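The hints should help you fit chains Y and F onto chain A, whose structure is shown.
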Amino acid sequence: MSFWSQTATILMKDLRAELRSKEAINASFSFALVILLLFSFAFDPSEETTREISGGLLWIVFVFAGALILNRSFARELPNDCLDALIAAPLPGSALFLGKALANLALLMAVEAVCFPVFGIFYNVNWTRQFWPLLLVVALGTWGFTVIGTMFSALTVNIRLREVMLPLLVYPTMIPCLMSAMKLSAHLVGGEPLDSDVMVWMKFLIGFDVIYTCLSLMLVEMVLVG
Amino acid sequence: MREKLMYFLGAVVAILFVRNLYVILNVLPDEANQGAMYRIMFFHIPSWWTAGLALMLSAGTSVAYLRTGKLKYDTISVSVTEVAVVFLFIGLTTGMIWARIIWGIWWTWDARLTSAFVCVLLYGGYLILHNGIAEPTQRAKISAAFNLFAFADVPIVWYSIRFWRTQHPQPMTLPPDMWSALLWNWLTLILLMTIFILLRLRQEEARRDIDGLRRLVHAHA
Amino acid sequence: MTPAVAAEDVWKYYGDYPALREIKLAVEPGSCVALLGRNGAGKTTLLRIIAGFSKTGKGRVSIFGKDARDTETRRRVGVLGHGISVYEELTAYENLMLFGRLYGLENPARSAMEWLDRTGLARVRDGLVREFSRGMRQRLAVARAFLHNPEVLLLDEPFTALDDRAIAVLQTVLREALARRCTIVLSTHQLREALELATHVALLTRGSLAYHGERTAEMLSDPGWLYARYGESS
Chain A
52 MSFWSQTATI LMKDLRAELR SKEAINASFS FALVILLLFS FAFDPSEETT REISGGLLWI
112 VFVFAGALIL NRSFARELPN DCLDALIAAP LPGSALFLGK ALANLALLMA VEAVCFPVFG
172 IFYNVNWTRQ FWPLLLVVAL GTWGFTVIGT MFSALTVNIR LREVMLPLLV YPTMIPCLMS
232 AMKLSAHLVG GEPLDSDVMV WMKFLIGFDV IYTCLSLMLV EMVLVG
Chain Y
16 MREKLMYFLG AVVAILFVRN LYVILNVLPD EANQGAMYRI MFFHIPSWWT AGLALMLSAG
76 TSVAYLRTGK LKYDTISVSV TEVAVVFLFI GLTTGMIWAR IIWGIWWTWD ARLTSAFVCV
136 LLYGGYLILH NGIAEPTQRA KISAAFNLFA FADVPIVWYS IRFWRTQHPQ PMTLPPDMWS
196 ALLWNWLTLI LLMTIFILLR LRQEEARRDI DGLRRLVHAH A
Chain F
31 MTPAVAAEDV WKYYGDYPAL REIKLAVEPG SCVALLGRNG AGKTTLLRII AGFSKTGKGR
91 VSIFGKDARD TETRRRVGVL GHGISVYEEL TAYENLMLFG RLYGLENPAR SAMEWLDRTG
151 LARVRDGLVR EFSRGMRQRL AVARAFLHNP EVLLLDEPFT ALDDRAIAVL QTVLREALAR
211 RCTIVLSTHQ LREALELATH VALLTRGSLA YHGERTAEML SDPGWLYARY GESS
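Residue numbers (the numbering used here), protein chains in the order written: chain A, 52 to 277; chain Y, 16 to 236; chain F, 31 to 264.
Bound conformation, chain A alone:
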């Protein structure tokens, strides 16, 4: 059985399990909407301010709502000792990690797909002017977040304080990715095309994604096998 078909098997399993129970994704949607609401009280959403803060606002919504999904990632394997069965199976740790990370990416992007129209409506912002570049930036930023979140979920799966530790570890590590995504998103939501001013942030984002994906793939097997 090839690496990619095993990855696909894990991906489908995670998606099927989550979509059947919908626990994490419902909580995530609700939380995203709540944060969008709360921000409208924190700032005066005039058009000028909103355009400036749009990048930051959106990504804060994504990372806080997304954490609910990432937290479950390896934790869902704990009941019934399913994680043991996966480790015992002839499945490379990297395939397990990649399958889960891709499932998380799908779920997170589903939440983001809802957040954008809601954001556009609540704050009266036309965010579709640079749609495809924006989609690319959101995908890259979400992948960075997913890789870190999934990896640290694996790292903390057997620890007592897992739920507390995960946000504490993920958010500081993600700061470069988050900054790049925020800068690029604010730029694109404002309708400006990707020009040389902001390309440096694109490079940071891609660099971050590449470095942490490689690091995670290398370390995950060792982290999971006691």
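Some hints could be false.
[Said to hold, decoys possible] Reference excerpt, derived from the structure (chain A facing chain F, CB under 8 angstroms, subset only):
1) Thr60
2) Ala136
3) Ile138
Just so you know, these hints were derived from the structure itself, not from any lab.
Values in this document were obtained by computation on a predicted structure and should not be read as measured data.
C-beta: ideal position from N, C-alpha, C; glycine also.
Just chains Y and F, lined up with the frame of chain A:
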């Protein structure tokens, strides 16, 4: 043997501090723009360098643990990281004091300060993680893996925040007598770091011994 | 002949405390070893190392001469631990299909249906495990462990908390496996059921192997004999 080393280093550090303070306070002239306050720089800058050195050492011992599985590397790693965080705090505090006096504000979100703060959060997270795992082998492995992620982040954080904004004084050339004072103080801080690490190491090893004895007692109960 | 399972001078440390000391064990193919010992003696620790869940501190464990963590080796090993290792949110059929695919079976659907039949779960194949009774879950766990026809079976206290129907299924499956010359290592407190199946016995006391040899008639007639003779004095 280690005790003797610590006492010896302690004496050297004490002497060096006295010498350095004398040079910094009495011998060197006031700086043109900043007056007397600039002297805090002689503690501020070497603190960062010392913290950086300690963090590199910490990453190195984490790699060593992951390759060899010897618990002593984990013990060294946590001791070194804790001391690094202490020096990060010294750097932040001295910087904040300087900023309050020279710029009139306690804090600003410029490149270096923000990066430093992120490092404090990252390695503070490492220490909380390390403390939160009861089983020693698991603790060592997970902390070491996280340490590598944190260490990989340090240069990325540094470069990306530099693009974000900069208000921090840029590196400047110093007259030779100031450089010399800076380097002497750095040496002193490195020795101080070593003493702290040895102290912490001793505490951590005692903790390991107690843990081992406790397991032995439980096994025979 | 290469032993099916071999432990060479295995030590396992938790921190500085040795949970396993210098374990030397060789299990011939086709034999069934009952791993006995008090709680805390190290049975689960040893089984987990053989199954590839954890690494040794010193020494090595090999299965058919290869490392326990090797991917090809893991394909030949089936593990039944304390937990049932099936997903609550999936159906019985989906669970078996998942593991069938991960183990690279040629026709996972057919193997899944076969094992659902054998464990008496065919009628509930599309039921969510969440709704199963305890006995049904245990039988599904057995199906999952044996689905890929492993040559080496590692079972950690398999008879504990099984209802009589599940015990019957497990005993049948194990006897068939032995008839096919599979190798079984099972740890247990249920001495009678285990000793009936076992060809060999190994006793762990405080992390060391106190006895390892063939199962004798004395052991079968008086299960406590082994503990009395070789066990801890306290």
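Structure-based check of all given hints:
no. : hint   : verdict
1   : Thr60  : 5 angstroms, holds
2   : Ala136 : 4 angstroms, holds
3   : Ile138 : 6 angstroms, holds
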